Amino acid sequence: MSQGFIKTTENNYLADSKRGSFEFAEVGVNFTKSFTDQLRVGLQLFTRDLGPIGNYTPQLDWFYLDYRFWDWLGIRAGRTKLPFGLYNETNDIDSARVPILLPQSVYPITSRDYLLAQTGAELYGRVPLEGAGSLEYRAYGGTIYLDTTASASTIARLTVPYVVGGRLIWQTPLEGLQVGGSVQAIRLDLDYQPPAALVTKLQMDGSLPADFRGPLKIEAPVLLTVGSVEYQTGDLLLAAEYSRWRAKLESPIQVLVADTDTVSERGYLMTSYRTAPWLSPGLYYSVFFKDVDHRSGRDAYQHDVAATLRFDLTDHWLLKLEGHYMHGTGALASAQNDNQPTKTLAADWGLLLLKTTAYF
Amino acid sequence: MLALGALAWLTALGSFPGASAVAGETEFRVIVDPDNSTTSAPRELLAEAFLKTSTRWPDGELIRPVDQRPESTARKGFSQSVLKRSVGAIRSYWQQRIFSGRDVPPPELDSDDAIVRYVSEHRGAVGYVSASTRSGRTKVVTVK
Chain A
4 MSQGFIKTTE NNYLADSKRG SFEFAEVGVN FTKSFTDQLR VGLQLFTRDL GPIGNYTPQL
64 DWFYLDYRFW DWLGIRAGRT KLPFGLYNET NDIDSARVPI LLPQSVYPIT SRDYLLAQTG
124 AELYGRVPLE GAGSLEYRAY GGTIYLDTTA SASTIARLTV PYVVGGRLIW QTPLEGLQVG
184 GSVQAIRLDL DYQPPAALVT KLQMDGSLPA DFRGPLKIEA PVLLTVGSVE YQTGDLLLAA
244 EYSRWRAKLE SPIQVLVADT DTVSERGYLM TSYRTAPWLS PGLYYSVFFK DVDHRSGRDA
304 YQHDVAATLR FDLTDHWLLK LEGHYMHGTG ALASAQNDNQ PTKTLAADWG LLLLKTTAYF
Chain W
1086 MLALGALAWL TALGSFPGAS AVAGETEFRV IVDPDNSTTS APRELLAEAF LKTSTRWPDG
1146 ELIRPVDQRP ESTARKGFSQ SVLKRSVGAI RSYWQQRIFS GRDVPPPELD SDDAIVRYVS
1206 EHRGAVGYVS ASTRSGRTKV VTVK
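Chain order of the listed sequences is A and W.
Mapping of the first sequence onto the working numbering: position 251 corresponds to residue 254, and the numbering continues sequentially without gaps.
Mapping of the second sequence onto the working numbering: position 133 corresponds to residue 1218, and the numbering continues sequentially without gaps.
Do not take every clue at face value.
[Stated by the list, open to error] Calculated from the model, a selection of chain W residues having no Cβ within reach of chain A, i.e. all distances over 12 Å:
1. P1119
2. D1120
3. S1122
4. E1129
5. V1201
6. S1217
7. T1218
8. K1224
[Claimed, not checked] Derived lysine to aspartate or glutamate pairs resembling EDC-like cross-links, with alpha carbons at most 16 Å apart:
9. W/K1137 / W/E1193
10. W/K1161 / W/E1112
11. W/K1137 / A/D294
12. W/K1161 / A/D262
13. A/K220 / A/D262
14. A/K251 / A/E222
15. W/K1137 / A/D74
16. A/K36 / W/D1188
17. W/K1161 / W/E1206
18. A/K204 / A/D214
19. A/K10 / A/D262
20. W/K1169 / A/E178
21. A/K251 / A/D238
22. W/K1169 / A/D238
23. A/K21 / A/D341
24. A/K220 / A/D194
25. W/K1137 / W/D1188
26. W/K1224 / W/D1195
27. A/K251 / A/D264
28. W/K1137 / A/E222
29. W/K1169 / W/E1129
[Claimed, not checked] Here are the in silico distance ranges between beta carbons for each label pair:
30. W/D1198 / A/L138: 37 to 43 Å
31. A/A124 / W/D1144: 28 to 34 Å
32. W/Q1165 / A/R22: 45 to 51 Å
33. A/E253 / W/R1154: 43 to 49 Å
34. W/S1125 / A/L241: 20 to 26 Å
35. W/D1198 / A/V130: 50 to 56 Å
36. W/D1144 / A/V225: 30 to 36 Å
37. A/Y59 / W/R1154: 33 to 39 Å
38. A/L241 / W/R1154: 26 to 32 Å
Bear in mind the hints are in silico, worked out from the structure with no lab data behind them.
Bear in mind the structure is a predicted one, so any value in this text is a computation, not a measurement.
Ideal Cβ placement from N, Cα and C applies to all residues, glycine included.
The whole structure should be built from the sequences, with the hints applied where relevant.
Given below as structure tokens:
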């Protein structure tokens, strides 16, 4: 279980952070049972509070039935974590890494509901390559059940007809070096109910059919790709990832919601080193561009330089201190900043995080 | 003098024949169950076994790795020599695996004698003990 504190010098980020916020906590419990050497079941209960997100609503994070036929083929069914990039599956496991926040360009904590797990099936395995290392693969397909109670009042329904994807990692002959790529295709279907006043206005000027009552059915296909490289030797970790996300909106009535097609660009470089059994410093640079075709303006990007100190106080209790220098407002939300446009928010700001975790 | 210098350099790299065996004699020995046909095993295979990325011996028998407690001297030596990572780094590895639902770590036992008992009683088992421990019915395996 974890409890954190978040404070920004300017702008609210993730929570009401300008004033300092303790709305940064999570609790997870998991159970795993092996029935045979090849058959296993597991589940995890999780609850969190991050600003306006979570509010300690408990959820079944993942649950699965796993049968491993051979090293090169296993199957898993249920709600399983999405293998996207190097660290998506451990995004909410504070004890498994040095930074408090993984690089948000590739692992946005606010998108956890969409990126964490899918309900469906997955094939996985590891294939030795006779002197050329080994290949680890994972391929999955299913859907994501979303809690829409906190959605905007104009969204009548939000479903995910499909999510499919996979990850391929080459464990190279150089021990500790792995290179890989992940791809994920997901579609969100929304029923959008436009405000009545807008409908009336558009119908009066002839832009909208007179018999339109709504809702407007919108499809939002998204394609996420990431290339990854990681090198671990002893207690040193070096990692880098580059990602592009292509998000479309496809609307049958352009005057209400126009089609869009946006490609965002994301990446980071990260390192950490366990200098002593009780101390691990870490450092990363992360960058995010909202739209590769529009890179100028403070709200178009987010640069993030972060430094962390992890203190392992005992075998089951740790403390982390992390500071960020942020340049840009691309990762900020207007709704958390008095609905001010993000291009008017402070371009240079700092973020301080403190977090303690007990784990067993 | 040149030969002595080369010898020192090769030993430091761990590439001098027998360097691994010397490390094993002073820190730990790897043991397998008495019915296991393996007499020597590549370090990489043992690493894969204890990280559970490989689950079968070359003869197809299921591998059953067993660990010692993190504070054990034998574990520290095994972790550095075979897994090439500290016990703390391996702990983080298992935290990731456990909380992503991927797998669970090998069982941890309290003593060398407990390891010997477990390995002798479980087909396919592999463990490590202090170099001075009697291996009982188990078989000592050379790490290549």
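Going down the list of hints, with the structure as the test:
Distance check for W/P1119 against chain A: the nearest CB is about 20 Å away, which clears 12 Å, and the non-interface claim stands. With a closest Cβ-Cβ approach of about 17 Å to chain A, W/D1120 is found to remain outside the 12 Å limit, as its non-interface label requires. Chain A leaves W/S1122 outside its interface by the beta-carbon criterion, the shortest separation being 19 Å against a cut-off of 12 Å. Listed as a non-interface residue, W/E1129 fails to keep its Cβ farther than 12 Å from every Cβ of chain A; the least gap is roughly 8 Å.
Every CB of chain A is more than 12 Å from the CB of W/V1201 (nearest about 22 Å), matching its label as outside the interface. The claim that W/S1217 lies off the interface holds: its Cβ sits roughly 25 Å from the closest Cβ of chain A, which is beyond the 12 Å cut-off. The Cβ of W/T1218 sits about 25 Å from the closest Cβ of chain A, beyond the 12 Å cut-off, so the non-interface label holds. The claim that W/K1224 is not at the interface with chain A holds, since no C-beta of that chain comes within 12 Å of its own (minimum 21 Å).
Taking the CA atoms of W/K1137 and W/E1193, the gap is about 14 Å. The hint holds against a cut of 16 Å. As the CA atoms of W/K1161 and W/E1112 are separated by approximately 9 Å, the hinted pair is consistent with the 16 Å bound. With a CA separation close to 41 Å, the supplied pair W/K1137 and A/D294 exceeds the 16 Å bound. Proximity of W/K1161 to A/D262 is assessed by CA-CA distance (about 59 Å); at most 16 Å being required, the pair is judged violated.
Taken as a hint, the A/K220 and A/D262 pair is honoured in the structure, with Cα atoms around 12 Å apart against an allowance of 16 Å. Our distance criterion of 16 Å between C-alpha atoms is met by A/K251 and A/E222, whose separation comes to about 8 Å. With a CA separation close to 10 Å, the supplied pair W/K1137 and A/D74 stays within the 16 Å bound. About 10 Å separates the Cα atoms of A/K36 and W/D1188, which keeps this hinted pair within 16 Å; it holds.
Proximity of W/K1161 to W/E1206 is assessed by CA-CA distance (about 24 Å); at most 16 Å being required, the pair is judged violated. For the hint pairing A/K204 with A/D214, the CA-to-CA distance comes to about 13 Å; that is within 16 Å, so the pair holds. The straight-line distance between the Cα atoms of A/K10 and A/D262 is roughly 37 Å, outside the 16 Å bound, and the hint therefore fails. Distance hint between W/K1169 and A/E178 is fulfilled; the C-alpha atoms sit about 9 Å from each other, no more than 16 Å.
Taken as a hint, the A/K251 and A/D238 pair is broken in the structure, with Cα atoms around 42 Å apart against an allowance of 16 Å. Of the supplied pair hints, the one linking W/K1169 and A/D238 holds, its CA atoms being roughly 9 Å apart against a limit of 16 Å. This hinted pair checks out: A/K21 and A/D341 have alpha carbons roughly 12 Å apart, not beyond 16 Å. Restraint check for A/K220 and A/D194: satisfied, since their Cα atoms lie roughly 5 Å apart, inside the 16 Å limit.
The straight-line distance between the Cα atoms of W/K1137 and W/D1188 is roughly 8 Å, inside the 16 Å bound, and the hint therefore holds. Distance hint between W/K1224 and W/D1195 is unfulfilled; the C-alpha atoms sit about 20 Å from each other, more than 16 Å. About 4 Å separates the Cα atoms of A/K251 and A/D264, which keeps this hinted pair within 16 Å; it holds. A threshold of 16 Å between alpha carbons decides the hint, and for W/K1137 with A/E222 the separation of about 42 Å lies outside it, so the pair is violated.
Taking the CA atoms of W/K1169 and W/E1129, the gap is about 10 Å. The hint holds against a cut of 16 Å. Distance hint for W/D1198 and A/L138: a CB-CB separation of about 40 Å, consistent with the stated range 37 to 43 Å. A beta carbon spacing of about 32 Å between A/A124 and W/D1144 agrees with the range 28 to 34 Å that was offered as a hint. The hinted window of 45 to 51 Å between W/Q1165 and A/R22 holds, with their beta carbons roughly 47 Å apart.
A hinted range of 43 to 49 Å for the beta carbons of A/E253 and W/R1154 is inconsistent with their spacing of about 57 Å. Taken as a hint, the range 20 to 26 Å is violated for the pair W/S1125 and A/L241, whose Cβ atoms sit roughly 33 Å apart. As the Cβ distance of W/D1198 to A/V130 is approximately 39 Å, the hint placing it in 50 to 56 Å is violated. Between W/D1144 and A/V225, the C-beta spacing of about 47 Å breaks the proposed range 30 to 36 Å.
A beta carbon spacing of about 35 Å between A/Y59 and W/R1154 agrees with the range 33 to 39 Å that was offered as a hint. Hint check: A/L241 to W/R1154, Cβ distance near 30 Å, so the stated range 26 to 32 Å holds.
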